[in-house]
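Please construct the entire structure, taking both the sequences and the accompanying hints into account.
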Amino acid sequence: MSKQTINLNVNGQSVSAEAEPRELLIHVLREQLKITGPHIGCETTHCGACTVEMDGMSVKACTIFAIQAQGKEITTIEGLGNPDKLHVLQEKFREHHGLQCGYCTPGMITRAHRLLEENPNPTEEEVRFGISGNLCRCTGYQNIVKSVMAAAEELNTTESAS
Amino acid sequence: MITGSFDYHQPGTLQEAVALLAKLGDGARVLAGGHSLIPTMKLRLAMPEHLIDLQAVRELKKIQVTGAEVCIGAMTTQAELIASDELHRAAPIVRETSLQIADPQVRYLGTIGGNVANGDPGNDMPALMQCLDATFVLSGPDGERSVQAREFYEAAYFTARDDLEILTEIRFAATSGGYAYEKQKRKIGDYATAAAAVLLGKGADGSCEQASIALTNLADTPLYCEAASAQLVENGLTEPSVDAAVASAMSQIDPVDDNRGPAEFKRHVAAIILRRAIQQAWARA
Chain A
2 MSKQTINLNV NGQSVSAEAE PRELLIHVLR EQLKITGPHI GCETTHCGAC
52 TVEMDGMSVK ACTIFAIQAQ GKEITTIEGL GNPDKLHVLQ EKFREHHGLQ
102 CGYCTPGMIT RAHRLLEENP NPTEEEVRFG ISGNLCRCTG YQNIVKSVMA
152 AAEELNTTES AS
Chain B
22 MITGSFDYHQ PGTLQEAVAL LAKLGDGARV LAGGHSLIPT MKLRLAMPEH
72 LIDLQAVREL KKIQVTGAEV CIGAMTTQAE LIASDELHRA APIVRETSLQ
122 IADPQVRYLG TIGGNVANGD PGNDMPALMQ CLDATFVLSG PDGERSVQAR
172 EFYEAAYFTA RDDLEILTEI RFAATSGGYA YEKQKRKIGD YATAAAAVLL
222 GKGADGSCEQ ASIALTNLAD TPLYCEAASA QLVENGLTEP SVDAAVASAM
272 SQIDPVDDNR GPAEFKRHVA AIILRRAIQQ AWARA
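Protein chains in written order, with this note's numbering: chain A, 2 to 163; chain B, 22 to 306.
Since the hints were derived computationally from the structure, they do not count as laboratory data. Keep in mind that the hints are not guaranteed to be accurate.
[Stated by the list, open to error] Cross-link-like lysine-lysine pairs, in silico, DSS-like; alpha carbons within 25 Å at most:
#: 1; chain 1: A; residue 1: LYS73; chain 2: B; residue 2: LYS82
#: 2; chain 1: B; residue 1: LYS44; chain 2: A; residue 2: LYS73
#: 3; chain 1: A; residue 1: LYS86; chain 2: A; residue 2: LYS4
#: 4; chain 1: A; residue 1: LYS35; chain 2: B; residue 2: LYS63
#: 5; chain 1: B; residue 1: LYS63; chain 2: A; residue 2: LYS73
#: 6; chain 1: B; residue 1: LYS44; chain 2: A; residue 2: LYS4
#: 7; chain 1: A; residue 1: LYS4; chain 2: B; residue 2: LYS63
Shown next as structure tokens:
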């Protein structure tokens, strides 16, 4: 089955790749487009390390063929912040020790970003339910939840101040 | 994990999709949200030569509430079911169930049509649809036909849908009274160890005017518990009557040992979950 051209908008930039229909979005992002923020954890839809945003939805990039994402807008952790200007969520994960090994973190933050877009004032329970598709084997989640709550508070303060 | 090779098709209308499926035949599978099919393909338990992606078939994405009738397009996602206030007013048990399926990422893409058509006994929507006495609309080369959810499931992954048909719509009547979908699972995102969908109607005199009970993942198909439902209508919600209804439903189940536990454990859990669902639905009636 021959390769086809897949056009995506990744982190605000139009990009394209040649891929067989069976190539997963996570493989095209990482191996062809060299966007290595989203990780491959389990590759079986469980762990959420490959989470990216697609047209305003959090999706697991290991469970969608790249060709299904044809023409769509993708946001990865690289699109949220960079080492010179961290996103508030990244700042708060650092401040509250929301990561240890860091493997789940890009997926966790990308998911938390969408969660706060949809629910800017979540309760702790809503945060836990909202990130239930992302597994972390280090932290026990306590500090991740703290980080997301702190980011929500900061974002709300900034917004009401501006 | 890489799937087998396939050709990808993206029809823009239902008519095109049905024609493509008829043309490509046995080697083709319809792709909805992909969250059952893609994992199955990764394991090479499914190796379709053609995938017909329905994402561009807009007529399959809809939630319509017309009077007391609800009509949901097959490509409507769990997230869209949860977000619809109109649907929540018409049948609140749908949101309650949808929120217990998988996790947020899966719910953004997973569809109601895929969930009911796949025939996986672990899926939650089939029992819900039996509880709601829903009708499934199927489109194939010979036109459209309807099958009741209570008649649709034949065995695990075997349904009344013909290989050349596409499940397009789900229709059911808006509900009144109390409702509950109770699900025991090992962790968020898991399939049910046991789950129960219950709808109950309470009369002004406190009698049980209507009852509908269905169970998830306790046999190789979802189970509509007709006798247990009739038992509650006949004898009300007294303790002995609920005991009798639960016993009746338990006589229907046929769980198997697997990584969710031995069959005996599942029987134990199923009775507790059904009792909780009946109590919750009655409290809300």
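The hints, checked one at a time:
no.: 1; hint: LYS73(A) / LYS82(B); in the structure: holds, 18 Å
no.: 2; hint: LYS44(B) / LYS73(A); in the structure: violated, 29 Å
no.: 3; hint: LYS86(A) / LYS4(A); in the structure: violated, 37 Å
no.: 4; hint: LYS35(A) / LYS63(B); in the structure: holds, 23 Å
no.: 5; hint: LYS63(B) / LYS73(A); in the structure: holds, 23 Å
no.: 6; hint: LYS44(B) / LYS4(A); in the structure: holds, 23 Å
no.: 7; hint: LYS4(A) / LYS63(B); in the structure: holds, 19 Å
Checked against the numbered hints given earlier, this structure breaks hints 2, 3; the rest are met.
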